[in-house]
Amino acid sequence: SQTIHQWPATLVQPVGSPLSLECTVEGTSNPNLYWYRQAAGRGLQLLFYSVGIGQISSEVPQNLSASRPQDRQFILSSKKLLLSDSGFYLCAWSKGGSSYEQYFGPGTRLTVT
Amino acid sequence: AQSVTQLDSQVPVFEEAPVELRCNYSSSVSVYLFWYVQYPNQGLQLLLKYLSGSTLVESINGFEAEFNKSQTSFHLRKPSVHISDTAEYFCAVSEADKLIFGTGTRLQVFP
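Chains as they are written, first to last, in our numbering: chain C, 1 to 113; chain S, 1001 to 1111.
Since the hints were made in silico from the structure, they are not lab data. We put the CB at the ideal spot given by N, CA and C, even for glycine. Some hints here could point you the wrong way.
To be clear about the criterion: a stretch of chain S counts as covered by chain C if any three or more of its residues have a C-beta under 8 Å from a C-beta of chain C, and this derived list gives those stretches [to be verified]:
hint: 1; stretch: 1040-1046
hint: 2; stretch: 1096-1104
With a straight-line cut-off of 25 Å between C-alpha atoms, the simulated DSS-like cross-links for lysine-lysine are [unchecked claim]:
hint: 3; chain 1: S; residue 1: K1069; chain 2: S; residue 2: K1098
hint: 4; chain 1: C; residue 1: K95; chain 2: S; residue 2: K1098
hint: 5; chain 1: C; residue 1: K95; chain 2: S; residue 2: K1049
When you get a sec, could you build the whole thing from the sequences and use the hints?
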């Protein structure tokens, strides 16, 4: 069976510090991968998605970036965090092709102070 | 581009009462539709999906949703809710390699 991992589970970082969140998927190959942000009391905002290694699509211009160094690894980064980057970050995967359902990780709670 | 509207941001209901969470999407072209549930501080879990075939789809915990193409709706229903159904519910529609999510409906079940 497939599993998706995210770490860390919680993170408190000062404004201006760098960020690296990691997501890995097990039990499948060549998945589509997604990063979402969920601000307090708000819905899901798609940040980035990837249909293959080195292929990253950005949905929202901001100070975040994403990379996919390996088939089942998806990393969300920032060089300098802003207060507005606080939120709940969710990684998800799908099989791609004609399969649209996405499966979500447990999330990372980021607080920028 | 697709959009999803969940008109009710919060739905309070008493235990054992029926509930309907509304979802409308923007396009009448062929789409796939999903409902996800999110419990506090957790990721989203797939509740049910419509891909093709019967317009009424069911989940294992008693929820059902009906695809209505003419009204571009995919409302979620449960005939009798339980305290444990308290959660945030998100409707989503497919678009290319992505899902477009609604803003969510907070279902609060009271004893």
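Q) Given the proposed pairing of K95 of chain C with K1049 of chain S, does the C-alpha separation stay at or below 25 Å? A) holds, 15 Å
**Q.** Within 8 Å of chain C's CB atoms, at least three CB atoms from the stretch 1096-1104 of chain S: coverage verdict
**A.** Answer holds; 7 residues pass the 8 Å Cβ test.
Q. Do the alpha carbons of K1069 of chain S and K1098 of chain S lie within 25 Å of each other, as the hint requires?
A. holds, 20 Å
Q: Count residues of the stretch 1040-1046 of chain S with a Cβ under 8 Å from any Cβ of chain C, then say if the count reaches three.
A: Per the Cβ count (6), the hint holds.
Q: Could you grab the alpha-carbon distance between K95 of chain C and K1098 of chain S and see if it respects the 25 Å cut-off?
A: With a Cα-Cα distance of about 12 Å, the restraint between K95 of chain C and K1098 of chain S holds, given a limit of 25 Å.
When the structure is compared with the earlier hints, no violation turns up for any of them.
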